[in-house]
Amino acid sequence: MTFLKDVDVIINSITMKAFKYILILALLSIIFACSKDDGNNDEEQNIQQFISGICPQISGARAVYWDGSHNRATPLTQIPTIANPGDQFIHSLYPALGFTMPQGYIAQEITDQQTGTIGVNVFRVDANNNSNVVWRYIPSSPFVGQVSIADIVNFEIGQLKTFHQVPISEQGVIDCGEDFISNEFGFETSFSSRLIRYGNGNFTAQVIVQKHFMPSLGNSFISVTSAAGPTAEFDNLVMQTYLPLHWQLMVISDDVRDSDLDGTPDNQDPAPFNPDIR
760 MTFLKDVDVI
770 INSITMKAFK
780 YILILALLSI
790 IFACSKDDGN
800 NDEEQNIQQF
810 ISGICPQISG
820 ARAVYWDGSH
830 NRATPLTQIP
840 TIANPGDQFI
850 HSLYPALGFT
860 MPQGYIAQEI
870 TDQQTGTIGV
880 NVFRVDANNN
890 SNVVWRYIPS
900 SPFVGQVSIA
910 DIVNFEIGQL
920 KTFHQVPISE
930 QGVIDCGEDF
940 ISNEFGFETS
950 FSSRLIRYGN
960 GNFTAQVIVQ
970 KHFMPSLGNS
980 FISVTSAAGP
990 TAEFDNLVMQ
1000 TYLPLHWQLM
1010 VISDDVRDSD
1020 LDGTPDNQDP
1030 APFNPDIR
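In terms of the numbering used here, the sequence shown opens at residue 760 and continues consecutively.
Hints in this document: simulated from the structure, not taken from any laboratory.
You may find that some hints are simply not true.
Across the chosen pairs, the derived CB separations fall in these ranges [as the list claims (entries may be wrong)]: (1) Gln905 <-> Leu852: 25 to 33 Å; (2) Ala855 <-> Ile933: 15 to 23 Å; (3) Thr948 <-> Asn889: 35 to 43 Å; (4) Ser851 <-> Gln804: 37 to 45 Å; (5) Glu803 <-> Asn830: 19 to 27 Å; (6) Asp801 <-> Leu852: 41 to 49 Å; (7) Ala832 <-> Ala991: 22 to 30 Å; (8) Asn978 <-> Ala909: 15 to 23 Å.
Every residue gets a Cβ at the ideal spot worked out from N, C-alpha and C, and that includes glycine.
Sequences and hints are given; from them, build the entire structure.
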């Protein structure tokens, strides 16, 4: 499965691309638990105090991200938006996959015409073209036959360790994980997720893999969403990068779009088409 190229190679190919919201990302959907009329301060406090309903040892923004990724209620009351909009990305073969990145981020398109795999890696880069933050989304990667979802999860975690220059052999610490299988619409669906710390605890990653096996075709279809970065700033990355990227991949009504990309949703913006007024 295609993964990470050198960041300095990617920078040379970055171009400005059109912004577009797309159809709902089935893998991740955040459920609002509170009224969106609550104030920002109340929401921030609720997020800081939030404890995961899946793994009580997880709290704060990472717990919001984890539980929301598993279709559980969270204290979010507003649409997370990019506070400092930067470059825009749109997939060359799948135009529905498009979004705006924060400033200082670049995108690497994933395209494998032989297998039909499509996706994107989004990196944060510094002045020296170094990166230690990545968000990855692959909506579809076909495989022939029945494949092991555990192998896919281990591959994704191994690639993230390599990205952070951590030996793949290091076991790491799994803070939370879920695995289950269901059968609907005549095919088997497997789901596996991990919230893991590695590199002596210096890095945290959330990896979610979903597999659909269709017996009539004899093929498996894999989707992957992962996010990784320094543990010390992971909660900030959730709120400033990971969640805003996710929400751009959802069907959003016109009254909550951020039309001028100033970081304020249209329904809270006194001038929704003027980025100088928030």
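Hints and how they fare:
A C-beta distance of roughly 27 Å is found between Gln905 and Leu852, which places it inside the suggested range of 25 to 33 Å. Judged by the Cβ atoms, the range 15 to 23 Å given for Ala855 and Ile933 is violated: they are separated by roughly 33 Å. Look at Thr948 against Asn889: about 38 Å separates their beta carbons, and that is inside 35 to 43 Å. Taken as a hint, the range 37 to 45 Å holds for the pair Ser851 and Gln804, whose Cβ atoms sit roughly 43 Å apart.
Separation of Glu803 from Asn830 is about 23 Å and conforms to the stated range, judged on CB atoms against 19 to 27 Å. For the hinted restraint 41 to 49 Å between Asp801 and Leu852, the CB-CB distance of approximately 43 Å keeps it satisfied. Separated by about 27 Å at the C-beta atoms, Ala832 and Ala991 satisfy the suggested range of 22 to 30 Å. Hint check: Asn978 to Ala909, Cβ distance near 18 Å, so the stated range 15 to 23 Å holds.
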